[in-house]
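Required output: the full structure, derived from the provided sequences and hints.
2 protein chains.
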Amino acid sequence: MVDTHTHAPQYPNNGLGHSLQLLEWLDELTFPLEKQFSDDEYAREVYGQVVRRNLAAGTTTACYYGTLHVPATLTLAEVALEAGQRALVGRCSMDRASPPDYVEADCAASMASTHEFLDLFPRFCANTPLPLNGSSNGTSNQPLVRPILTPRFALSCSPPLLAALGQLAEAKHLPIQTHISENGAEIAAVRKAFPAAPHYAGVYDAFGLLTPRTILAHGVHLSPPEVALIARRGAGVSHCPTSNVNLNSGAARVLALLDAGVRVGLGSDCSGGPGTGVLPALRGADAMSRILAFEGRAERGLSIPELFYLATRGGAEIAGVDAGSFEPGREFDALWIRPRSPGFWAGGDTRALFEKWLFAGDDRDIGAVWVRGRCVSGAPP
Amino acid sequence: MVDTHTHAPQYPNNGLGHSLQLLEWLDELTFPLEKQFSDDEYAREVYGQVVRRNLAAGTTTACYYGTLHVPATLTLAEVALEAGQRALVGRCSMDRASPPDYVEADCAASMASTHEFLDLFPRFCANTPLPLNGSSNGTSNQPLVRPILTPRFALSCSPPLLAALGQLAEAKHLPIQTHISENGAEIAAVRKAFPAAPHYAGVYDAFGLLTPRTILAHGVHLSPPEVALIARRGAGVSHCPTSNVNLNSGAARVLALLDAGVRVGLGSDCSGGPGTGVLPALRGADAMSRILAFEGRAERGLSIPELFYLATRGGAEIAGVDAGSFEPGREFDALWIRPRSPGFWAGGDTRALFEKWLFAGDDRDIGAVWVRGRCVSGAPP
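Chain order of the listed sequences is A and B.
For what it's worth, UniProt numbering labels the leading residue of the first sequence as 1, then goes sequentially.
For what it's worth, UniProt numbering labels the leading residue of the second sequence as 1, then goes sequentially.
Please keep in mind that the hints were generated in silico from the structure rather than gathered at the bench.
Think of the CB as a built atom: it goes at the ideal place given N, C-alpha and C, for glycine as much as any other residue.
Hints should not be assumed to be uniformly reliable.
As the list claims (entries may be wrong) - On the chain A side, residues computed to face chain B include the following (Cβ under 8 Å):
#	residue
1	Y11
2	N14
3	L155
4	S158
5	P160
6	G250
7	P274
8	R290
9	I291
10	I304
11	T350
12	G361
13	D363
As the list claims (entries may be wrong) - To spell it out: a stretch of chain A is covered by chain B in this simulated footprint if at least three of its residues, at any positions, have a beta carbon under 8 Å from a beta carbon of chain B; those stretches are:
#	segment
14	16 to 25
15	201 to 209
As the list claims (entries may be wrong) - Partial pick of chain B residues on the chain A-facing surface, computed with a CB cut under 10 Å:
#	residue
16	Y11
17	S19
18	A108
Now the structure itself:
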């Protein structure tokens, strides 16, 4: 399963934030925690647990935000590689509208750190691509762990920084992850900060940050023109339902995104969302879509195949990785599921067992996890 | 925590039913499973696991539906008592509109079974009330496990059966549990079956089944006159959000119920709802209420104190048990929580730890469970 949006340093805050909205939550809970990752020992300890717990919960690929710190974020990449988790790891670029003790001085300082991060990445994280059997679409022989440009979100990046990141992404064909249209107050602030842009998506587009290698987290309140633009640019949306409930952000219109041709995956968005791994996000997407349907706010809920697609191949597509399904030529990522959790009652045919795990099981039912053919958590049967 | 509505025999179907609506779900999944409880050995095996798993998940009091079988349902009561779980155990009354091989012949046959069940109950389940310290409101010195009248729902009971159960409830001051207003097709069928009744709640009221000792499960589509009637009669509503999502039933208006003075608790409604224990129901109630709020369908979401109240004292109130809070004089039911699950990160003050468990923890974090002062699951610190 592919987690297309999660914040590794926020893991210790899992479950908090219930009564807050996004911008308060950043100030009160999130920035103070992330600041602590200036301590690389702390980072190593937290990230070790984060990667192990996510792997055990079935996250074969994770798109991680780190913090603004170069050493801690390299540590995250190193830890993921050592554990055998496929990961995109991003150092946050944020040169404004952040706390005075957790911000980069300016665009130049921020870009210097990004270049340092990218330069050191291969040395810290010497992951040679495996010679894999016959995949031909060019994404397979990638390193297991790769860097991803990470403008935190429009508000925390100056226009020169957004422009510099857009140019760098194009020059080096780098993937990009950022947030978009999560919360009403955030959207209003973006409108004020970028009065010339037609809308939130237009801000990123103006700086060359909407690409087929871009992951946009949330997309709760996107307008139809924004959806059309995102589809045209081939960017992906990471749907983070548990986070959108926890932070009172709203309900992304997943069916409308899919109908418009936008590629969509799921994100746990830890700690915005309280669950561990992709399964709670799948269930959150299910519940949210069905509540919208029976309240007359959407035509229908998401089906089981749609939900499972979002959690696997849908996520792999927007993360640009050649896994997430068992089609020939793809890398072998897999979970072995057998009943252990109290809600998952053995019995029934394969389809029944599949549904039982999706809706009543948990990480205890995952006996083993393979990434790129290697067993990286648990033990094979 | 108090589970005010759950079907013990349906536990093996946990996680199924996603694409079905209530009446299809009964025919395709539920009745065929419940039929198997004519085999008392099977019942003993399933119920043993159900009670143990529910206790370990923190359910100190459970309002159980059994099946229509007298021996299997007595077994459920016996198993709960042996395990030390406080329980209300009901044998389903259902003399029509059910499968030919899973139905009672008529009102007389049904009432004969109910009387047999009530007569045998003390013998199978010889649970003397404990002499407890100074509780004065009369509910405390109850047996730990008690019988509850269980007309399955209006459609599956003939008018004479509903009338007989109402009279019996009054004569013996028995508690009652049934379903109400869960799903559109069900409500339409009730209207057709009881054309003289003003509404669904009116059906039960006409037969003396709306009492202060009545638990009404679901109440998704109750009209304001029904809500007012239920409040006037002092009956309680068991809110079953995970079931209402899983079976596409709809969103109960919990705030409107509370505002009207209706007493409300939570129900896991296994296997309508896929979660184990009350915690998933609490999270479902949270998510549903907040989605309604940010979609403009409700004034606000439920607060953490409200959610926790529903899961504990609110449930205890509608189940008529003198537990569910740590006020002096109440029976001592408690959970000892310490971090073990992968989503629950230790650290923070007591309030933070409380919120972390509610929203990111699970049953693994429950170190021990006490019911009426006795440790019945896990081991004390």
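Hints, one by one, checked against the model:
The restraint placing Y11 of chain A at the interface with chain B holds, with a minimum CB-CB distance near 6 Å, inside the 8 Å limit. Checking N14 of chain A against chain B by beta carbon gives a least distance of about 4 Å; that is within 8 Å, so the hint holds. With its C-beta approaching chain B no nearer than about 21 Å, L155 of chain A sits outside the 8 Å limit, and its interface hint is violated. The beta carbon of S158 of chain A comes no nearer than 31 Å to any beta carbon in chain B, farther than 8 Å, and the hint placing it at the interface is violated.
Look at P160 of chain A: its Cβ only gets to about 35 Å from chain B, farther than 8 Å, so that hint breaks. The criterion of a C-beta within 8 Å of any C-beta in chain B is met by G250 of chain A, whose closest approach is roughly 5 Å, and the hint holds. Here the hint on P274 of chain A is kept, as its CB sits about 4 Å from the closest CB of chain B, short of 8 Å. Nearest Cβ of chain B to the Cβ of R290 of chain A: about 5 Å, under the 8 Å cut. The hint holds.
A least Cβ separation of about 5 Å between I291 of chain A and chain B falls short of the 8 Å threshold, and the interface hint therefore holds. Of the supplied interface hints, the one on I304 of chain A holds, with its beta-carbon coming within about 6 Å of a beta-carbon of chain B, less than 8 Å. About 13 Å separates the beta-carbon of T350 of chain A from the nearest beta-carbon of chain B, more than 8 Å, and the hint is not met. Satisfaction of the interface hint for G361 of chain A is found here, the shortest Cβ-Cβ separation to chain B being roughly 7 Å, below the 8 Å cut-off.
A distance limit of 8 Å between C-beta atoms decides the matter here; for D363 of chain A the minimum to chain B is near 6 Å, and the interface restraint holds. As drawn, the segment 16 to 25 of chain A meets chain B at 3 residues by the rule of a beta-carbon pair under 8 Å; at three or more, the given contact holds. Check on the segment 201 to 209 of chain A: 0 of its residues sit with their Cβ under 8 Å from a Cβ of chain B, so the three-residue criterion for coverage is violated. A least Cβ separation of about 6 Å between Y11 of chain B and chain A falls short of the 10 Å threshold, and the interface hint therefore holds.
Interface hint status for S19 of chain B: upheld, as the beta-carbon distance to the closest one in chain A is roughly 7 Å, under 10 Å. The beta carbon of A108 of chain B comes no nearer than 36 Å to any beta carbon in chain A, farther than 10 Å, and the hint placing it at the interface is violated.
When each numbered hint is compared with the structure, violations occur for hints 3, 4, 5, 11, 15 and 18.
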